[in-house]
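A.B. asks: Protein chains in written order, with this note's numbering: chain A, 61 to 316; chain B, 53 to 407.
One or more hints might be untrue.
[Unchecked claim] With beta-carbon atoms standing in for the labels, derived distance ranges: (1) A:246 - B:65: 31 to 41 Å; (2) A:166 - B:63: 11 to 21 Å; (3) A:286 - B:212: 47 to 57 Å; (4) B:63 - A:300: 50 to 60 Å.
By construction, these hints were calculated from the structure, which means they are not laboratory data. Virtual Cβ for every residue (Gly too), placed ideally from N, Cα, C.
What follows is the residue order along each chain.
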Amino acid sequence: MLSVEHVTFRYSRQGPDVLRGVNLELKPGEIGILLGRNGSGKTTLFQNILGILNPRSGSIRFEGEDLRKLSRAQRARRIAYVPQDIRFGALSVFDSVLMGRVAYFGMKAGREDYLAVERILRDMGLEAFAQRNVEELSGGERQKIAVARAMAQEPKLMVFDEPTGNLDIANEQQIITEAKRLAREKNIAILSSLHDLNRAMEFGDRFFFLKDGVVKYTGGKECFREDVLRDIFDINVKIAQVDGQPVILQKQEEML
Amino acid sequence: MDTAALLKKKNRKNNIVITGMALTVVVLAFGCLFAGSSRMSFRDCLDALLRTGTAANVRILWNIRVPRVLAAVIAGAGLAVSGLVMQTVLNNPMASPSTLGVSNAAVFGANLSIIVFAGGFLSTGNNLSNLTVGANPYATGAMAFAFAAVSTLLILGLCTVRSFSPNVVVLAGMAIGAVWTAATTILQFYATDVGISAAVVWNFGDLGRATYRTDAIMAGITGVGILFFLLISWRLNALLSGEAAAKTMGIRVEWLRFLVMLTASVITAVCVSFLGVIGFVGIICPHVTKRLLGQDHRVTIPVTALSGSILLLAADTFARSMGGGSALPVGAITSLLGAPFFLSIIFSRKENRRC
Chain A
61 MLSVEHVTFR YSRQGPDVLR GVNLELKPGE IGILLGRNGS GKTTLFQNIL
111 GILNPRSGSI RFEGEDLRKL SRAQRARRIA YVPQDIRFGA LSVFDSVLMG
161 RVAYFGMKAG REDYLAVERI LRDMGLEAFA QRNVEELSGG ERQKIAVARA
211 MAQEPKLMVF DEPTGNLDIA NEQQIITEAK RLAREKNIAI LSSLHDLNRA
261 MEFGDRFFFL KDGVVKYTGG KECFREDVLR DIFDINVKIA QVDGQPVILQ
311 KQEEML
Chain B
53 MDTAALLKKK NRKNNIVITG MALTVVVLAF GCLFAGSSRM SFRDCLDALL
103 RTGTAANVRI LWNIRVPRVL AAVIAGAGLA VSGLVMQTVL NNPMASPSTL
153 GVSNAAVFGA NLSIIVFAGG FLSTGNNLSN LTVGANPYAT GAMAFAFAAV
203 STLLILGLCT VRSFSPNVVV LAGMAIGAVW TAATTILQFY ATDVGISAAV
253 VWNFGDLGRA TYRTDAIMAG ITGVGILFFL LISWRLNALL SGEAAAKTMG
303 IRVEWLRFLV MLTASVITAV CVSFLGVIGF VGIICPHVTK RLLGQDHRVT
353 IPVTALSGSI LLLAADTFAR SMGGGSALPV GAITSLLGAP FFLSIIFSRK
403 ENRRC
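In isolation and in its complexed conformation, chain B is listed as follows (with noise of 0.2 Å):
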């Protein structure tokens, strides 16, 4: 009967899934790191940690586990929330954090940068390689982002001229995706053998080729943006009951609209830059999220984050404890251990909550 007390109740129910779920992702984090393909055992991993290990198991946890795990969380958070909001504003269950072709055109920049201009030269750089062979390693996650923020200013910018009609952008980001897909092919037509192996290899979604500069760099955008749409949830929650309705309560549409996309996707290119493709955690999280618990962006957007962690942390230490000495890619896993939860979800008999 009093709304106040059970308002708190609801509001504290909420505290109480969003907590559990950070410390299931510190927790997680945590025990990924003894979790790899260099066969070494709890005892090694600990004393690497606490660098009273051998050298070499210091620096394989300290420069390769630590930036992965790290690089799981952050992309994780960054593509599930960008996937939710490109929902919302779009008001289609199928956008995802690639709908304005973003991941498409940072494929075809990486591809140039290994194809055309470096001849097979793959590293984007990690903390074990030595940096000093010729070119710059972070030149192919450069040409990604470049390519990918050149795609979505300039699908961004074509939309405003149809003043943001969801269809219109669905459908832009569709036609100039399969424009950067079909030059991709044509520039792998032309490679040599060396080059087209070392391009496949880069699509391939990999968080091993994180950096704790790379990571700093994610975690600063993907950061901002996540407190941005934070920010916006009410305004976000208010576009849930359509364009027209959001407008007469004071909602600025085609600008919040244009404001989501464009952080949404920045977001994306970094990451798919510096990790490659990393598809399905941006369709996923957010669904199985609204699934159970509703479409209250205050809930949905820290919710969707942290299943994001969850499911590319999961994804990438099965990853690399099943790839018998090296890592799978990632991007795979997501899909492999992703689909049937999300095929469970979405056919469970729980009907109470709508998509």
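Okay, chain A solo, but in the shape it has when bound (with noise of 0.2 Å):
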């Protein structure tokens, strides 16, 4: 569904380019996971794909269309973005998440809209929260209505940079089964960047390493293994065995 093929970008023309031939290929609904250390271009990847940035050189499409030939509201109706740094104005919860048909409604919008919106409140269990002003909720209520946002989008695809970054354990929890609920339900691919390697493990299908701006290793779980990951992030792990399900440590001492 989305294939990305050779693609390289850079800052600046003089720049180093941060990606060198980045290759991606995410069937629909499935759950890919974008790994690496920071810096290794992981937003960078992601903004290519949203089209906040264009690449050099390289194709991403997207159902078999380049992405770059669709206009913006169009590519709005089918990938959505979940940023690190989730902003709302001063506005109701029900208005934040209405924001997201704008792709659709444009000016004015109308009665689908509104029910769309109503629909996504209530599978998410956000009903009550409708009429609060999102600057009031906390960090985890507000990722909520940030993916209820970009549910009201109706994607193929949604974008999670970073989805746990600000979040404590128990919301980390929350939003990462969410999501999960959700791409599963309405068959929606997931590409989602995340520190925690064992979350990640928890949360995806399919795993993409990045590193020095390529993709050095894809595949499913068994990619988790002790050299990738040291050869990724320069650390040593030792992968234990806990109730059957593998589990990533570090090892202390050989951090010093």
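Join the two chains into one complex using the hints; note that each chain is given alone, in its own frame.
C.D. replies: In structure tokens:
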């Protein structure tokens, strides 16, 4: 569905390549996790896929269409974004979610837009918040509203940039479970970055390990090997089995 | 629980606020017709309004006060809304209608016309003066507008090179504004005493320069501008979530920013060219509105416009009543009246809305 081929990108003409020929393939309904150190190019890759930045070369196709040929509104109806730094204006929760429909209604929201928002709020258990001011909500709640806003775009792919960055462990679990549930129920593909490797293993179907602007390893859970993680993150880890599930542990003494 | 019902209730509340403010503007505008420096009694004003009073009073009312009150309503709304949308598209609470240096350019144009071309010629025309004295009474206004327009296009043109990054626009506006101010200073340095005083008087905003014709032009441009802003209010809302997020919601951010800057600058240029510099309306009104009612542009655009009208009407009436025979510059009074109110809102304990 999403296919990124040989994408390169640099921020300025003389600057270094931040993406150096990225290849990435995602199927409908699949949850893909992008892993890599800070500065490996995760956010840059996301912004290229979302059309916030334009690749220098290579192609990004979505369901066979060249994304660069689509208008912003057409793109917004296919791909939604939950950014790392979530901001809303001083709007009500209802209006903030309704905003996700702007690519459909343009000037004035119609009946079907209101119904869609009501449905999403009900589905995500956010009805009680509908008339609250988003600015009064906690980080976890705002994150959920951002997911609801992305859902209002009725996308086929949702891109999450560090969805759990500012959340406590309970909220982190909640948002990931919720995202996974929505993805499975509505057959929406997800592309997300995540720092916590164990969380990533639990969340994703397919993993992309990014280093120095290229995807070095791709695959399922079997990719989480000690040598791969050492190469990508420059850390020594041990993979233990707990209740038949692999758990990644950091080797403390060797970190020093 | 029922979202639709809650939504209706909220819309009704907003409609009440907007209608209430619109009524306030009408009542205040009507009331302002009765204030002025010519010592007309209430009875005189009423007679003049019904065209049954003395010829002089009828002329004062219909040729001076009515166009002046209309100018306050129109320019107040235009300047306040321009400030609001500039703040949104530039993501900068300090942005104002003059951010692109529009006012500075207009001042330079007017000064050039007054000092160099007309040797102290001041009038932009009013309904009383006989208009046959040589120069075109609109020359100064036209010149001010020409410079403001050129300056706006210059900056917007420059900024397309940098794909309209908000900070670039603000800084470029400051730089170009500084150039116009410097040029004005140099111009004034070489001016005669008469020229310089005429130029300085022009710089004070004065609603007394308004005529029916200038009011009509301002009303046309401001009306179209506000209608345009209302139509794009959802897009402006989306921009509140940040540039990147807005783009992924389908908004052509650079294009939107360009159109909004252009429209707001044209509204400002027209108002400033006809009336002189009227500061602070574009900062006070949007912030007070946002503080009290949140940031939904469907609400803030009409409310900001109406509050701009109210502020300018109040300031002008105050200016006309305090001048002791002549009117004080309204530009000074808007700040004098508005700033304390502004500060009280900003420092108030009501913290649930963010500017």
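A.B. asks: Go through the numbered hints given earlier and state which of them the structure violates, listing their numbers in rising order.
C.D. replies: When the structure is compared with the hints, none of them turns out to be violated.
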